[in-house]
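Letter by letter, the chains look like this.
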Amino acid sequence: MAMITADPKDVPQVAHFAFTPEYMAKVQELIAHYPPGRQASAVIGVLDLAQRQQGWLPRVAMNEVARLLDMAPIRVYEIATFYTMFQLKPKGKYLLQVCTTTPCWLRGSEAVMKACQHAADGETFSVQEVECLGGCVNAPVVQINDDFYEDLDEASMNKVLDAFRRGETPKPGPQVDRQTSAPEGGLTTLKGE
Amino acid sequence: MPKVKIDGVEIEVPAGITVLQACELAGVEIPRFCYHERLSIAGNCRMCLVEVKPGPPKPQASCALPVADKQEIFTKTPVVQKARNGVMEFLLINHPLDCPICDQGGECDLQDQAMAYGFDRSRYHENKRAVPDKELGPLVKTSMNRCIHCTRCIRFATEVAGVEELGATGRGESMEVTTYVEHALSTELAGNLVDLCPVGALTSKPYAFEARSWELTKTESIDVLDGLGANIRVDTRGAQVMRVLPRLNDDVNEEWISDKTRHAIDGLRHQRLDRPYVRKGGKLVEATWDEAFGAITARLKGMDGAKIAAIAGDQCDAESMVALKDLMTALGSSNIDCRQDGAKLDGPRGSYIFNAGVHGIDSADAILLIGSNPRTESPVLNARIRKRYLHGHHCAIGSIGPAADLTYPVERLGAGPATLRELVDGKLGFFEKLKAARNPLIIVGMGAVAREDGAAVLAMARELAEKLNAVREDWNGFAVLHTTAARVGGLDLGLVPGEGGRDVAGILAGCEKGEIGAVYLLAADEIDTKRLGKAFVIYQGHHGDAGAHRADVILPGAAYTEKPGTYVNTEGRVQLGRRAGYPPGDAREDWAILRALSERLGKTLSYDTLAQVRSRLVSINKAFAAIDQQAPGAWGAFGKAGATTDAPFVAAIANFYMTCPISRASRTMAECMASRAQLMAAE
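Sequences listed follow chains A and B, in order.
Residues in the first sequence are numbered consecutively from 1, following the working numbering.
Residues in the second sequence are numbered consecutively from 1001, following the working numbering.
Check the hints yourself; a few may be wrong.
In silico DSBU-like pairs for lysine-lysine, Cα to Cα no more than 30 Å straight-line [to be verified]:
1) A:Lys9 with B:Lys1205
2) A:Lys159 with A:Lys171
3) B:Lys1603 with B:Lys1280
4) A:Lys9 with B:Lys1387
5) A:Lys114 with A:Lys9
6) B:Lys1307 with B:Lys1534
7) A:Lys89 with B:Lys1280
8) B:Lys1603 with B:Lys1307
9) B:Lys1387 with B:Lys1467
Read the hints as simulated data drawn from the structure, not as lab findings.
Could you put the whole structure together from the sequences, leaning on the hints where they help?
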């Protein structure tokens, strides 16, 4: 097995990180959720805010979170490395999280993955293989930033990616003729009064 | 008290303990990796599984399960055995088979427990995981492939050492114990990580590949590198001290020792005095004992006693100090001192010992540090204060003296005697906290008393103790924290100037003026040797340090690992160090050198054997009869009320890693110093 290491060495150095006033307000609001002295409980939320502001979590951002919450930096590193949703390396503008767990795989996630990998250039798109996203009934599923794109195949995936490339935001949800997880092509039962 | 049945045997155990502890009480051994008596419970290694009735129908981790009344515990059933076998097999999936080249071999928990629970072959054909080794500084060597993630090191660093720098990053297969950002640990207790590690992931760097545990001779002894008198085990091979390990003593050092105690020992191999020297024509030349004694006799015979002086060093055993004192008395000199730093301590015993005892820290509920930085003066004692802070509902701790990071929050009241005066007069808020405390503890450091106005500061500290009613039948909260191993013993034996005698400052001034003709330095190196003037200097000691460089005659003595010696620690506890090896070359035990010299000087001392010296100790001070015991000393008038200066208290120890001839000669300590300097620069 390959060498594993939690601390990525091949990342660009970010010299400084500070929350913008808008984000700072959100940080303060999160901290206020917890009793005084328990501000460390807000760490996951604050890390998420840092990631949203920066696009990923450089070490200076983790240090800043530690400082704000009066925690030892190592405690923040532990949390940031534990959860896969914290990105410790820079990502493209759109992060394609492709579900490859069994239901999605059975419904053709390999082809979707291929389309995503083809598009991934590290600037506009980055791709990440993830475990079950919990949308099996709409398999295969890809999470793009905060939205789920469902019922994909290679062609519809490419269509979605092209739209992003053009700067549009395609409609999230099923990419086939279907309302959420209702049957494709309209209702098949319970059609009467 | 709950009654439980362990493997069919009924036993009554204290309420609130865990099943594992109950089994220990019943004499049933439970294998474990992550559980440690002095750390918080993690419950992650799963090796301590037992069956419990009533309880769920699966094995339970006994370390994290509280005992309950009428509980039945089974530790030897097939289910338990099979569960532990399974845990062991999982632990070994990724553990390398490198015991032959692993320094932990022979004293490895995993190795030992694999003998009882291991499968004799592997069922896994997958590659083992590979983890990069970490850089944790000059004392701890890492081999992270061997790590079984018990997290003992993380808990020790966080809880005991108080440096939150180690952590577990990643998860599952990618979990790693690391500092994440690579740097040496900023603690004086790093060596203990090696003891705690149940496998060979963390091993001692200076001791790497030096010896195997089974080829070492183990000698139980006492540490002399600080005033705590930590209980140690000295492991030797032949004449060489290979390593020093802590010994369990709940009243003194629990089971920790500082990095200096553990790793300064390579200093015992360098710059040793292994034969007598006599200065001839300005140069030190090798000599025989006979010549050396002859040179001394020639100078001292007929000299007026008032012109002779003696200074005892910081690591002397009580035996050599009593011999020195007796010899000086016989020569008619009262110029003798054991306080090289000039500490103004010479009152009743209660005025110069840590009366509360180290274990007393555990019941203190407000602590005041006066001119003391316990982190550098005694890191293990500092860890004890931190423990009190953590478990004692955040016991209030205040400090008058230099600002320092002590690993626990300290309310810094001020820097010097003026603040202490205000506190004694009740003008500071902290006074109320001390007043409200049931067991206030006043720790007086050498930074407060080793100065011109030391006696006045001591008097103020005494006044404070009286005001707070800190000295009572059931509690004595007046505590002096010494930085040296010999000081209390020296004071117990009265190695202070007698009637009309000179103290260290007086002796040095006398030397400069030519009023002192001869000075006997008993391993005393912490004085300004340039001030010895034209005096004839006899240096008896084990290292070629400051004293030996200035000496006219050098008498090679024994270091603490090379002689049986009595040491009195800062709390007044008399402890016996034992000989782990013989001194190099012609060097001899120190009291015997003084005894032999006394005969040549025609003032033969009255003892010929160690037992006789020790009875002489007892005849001077009854405290020497009570080995390993601690009790508050006699209280009385001490200190001297008077004016104080505005000068702030200065830390008694500027550099933790180099405080004595042994640590100054140690390369490991030099590396530690460089590493710490680098760490400071990075911040």
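Can you list which hints this structure breaks, lowest number first? Hints 4, 7 are the ones this structure does not satisfy, whereas the remaining hints hold.
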